[in-house]
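Novice: Sequence:
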Amino acid sequence: KLYASNDSKSKRILICATYNKVQIEAPAANKDSDGKMPVLETEEGCVFSTNAIARYVARMRRDTGMYGQTFIESGAIDGWVEFCTHELEVPICVWVYPKMGKMQEVPAASEQAKTDVSKALTILNNHLESQTYMVGHQVTLADVTLYTTLLDAMTHLFDDAFRSKF
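1 is the number of the first residue of the sequence shown in my numbering; add one for each residue after it.
If you are wondering where the hints come from, they were derived from the structure by calculation, not from laboratory data. This one's a predicted model, so the numbers in the text were calculated from it and none came from an experiment. Keep in mind that a hint or two might mislead.
Taking CB as the label site, the calculated pair distances span [stated by the list, open to error]: (1) Glu-129 <-> His-86: 17 to 25 Å; (2) Arg-59 <-> Asn-126: 25 to 33 Å; (3) Asp-160 <-> Glu-44: 41 to 49 Å; (4) Gln-69 <-> Glu-129: 20 to 28 Å; (5) Ala-109 <-> Phe-166: 18 to 26 Å; (6) Ala-161 <-> Glu-105: 18 to 26 Å; (7) Met-37 <-> Tyr-133: 36 to 44 Å; (8) Glu-111 <-> Thr-155: 18 to 26 Å.
Quick reminder that beta carbons are idealized off the backbone N, C-alpha and C, glycines included.
Kindly produce the complete structure, drawing on both the sequences and the hints.
Specialist: The structure is reproduced here in structure tokens:
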């Protein structure tokens, strides 16, 4: 069972489960759980934190390649997951949360976040100029993490003018 709020981060876990054909029961999110760290309850014990759960689920079926086909691909996936967390997710939250009413805007922080997001998207743009997927030749946890990290920003922030640069 996955106990999590219904947000883009929990979607990361559920998308990995779908690709791996792993059934995860996700009871309806309770409004008191909003913003709390997700927990996956398994027969062997619990795993907590979005990225830890997503990695766990992605590793459940080696044959699907969600965590890469080789050790080097797995390492590259870890690198892109960390990149998304530190270089994209943090500044996106600073920029998007005020728009979503989750926190008060600090204009200087929002401007810095826009700059940081632009830099990170430039790196991604350069990488994807010669690659179809973030790692290897198929969808992996790296692609799913990138998608779910950008989801709120694509919905609430990135207008056509901003997106046209990438």
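Novice: The structure should be examined with respect to each hint, and the outcome stated for every one.
Specialist: Right, here's what the structure says about each hint:
1. The beta-carbon spacing between Glu-129 and His-86, approximately 22 Å, falls within the hinted interval of 17 to 25 Å.
2. Taking the beta carbon of each, Arg-59 and Asn-126 are about 29 Å apart, inside 25 to 33 Å as hinted.
3. Roughly 47 Å separates the CB atoms of Asp-160 and Glu-44, a value that falls within the hinted 41 to 49 Å.
4. In this structure, Gln-69 and Glu-129 meet the distance hint of 20 to 28 Å, their C-beta atoms being roughly 23 Å apart.
5. Between Ala-109 and Phe-166 the beta carbon distance is about 22 Å. The supplied range of 18 to 26 Å therefore holds.
6. Here the CB-CB span from Ala-161 to Glu-105 is close to 20 Å, well matched to the stated 18 to 26 Å.
7. For the hinted restraint 36 to 44 Å between Met-37 and Tyr-133, the CB-CB distance of approximately 28 Å leaves it violated.
8. Our hint of 18 to 26 Å for Glu-111 and Thr-155 holds, since their Cβ atoms are close to 21 Å apart.
Hint compliance for this structure: hint 7 is the single one not met.
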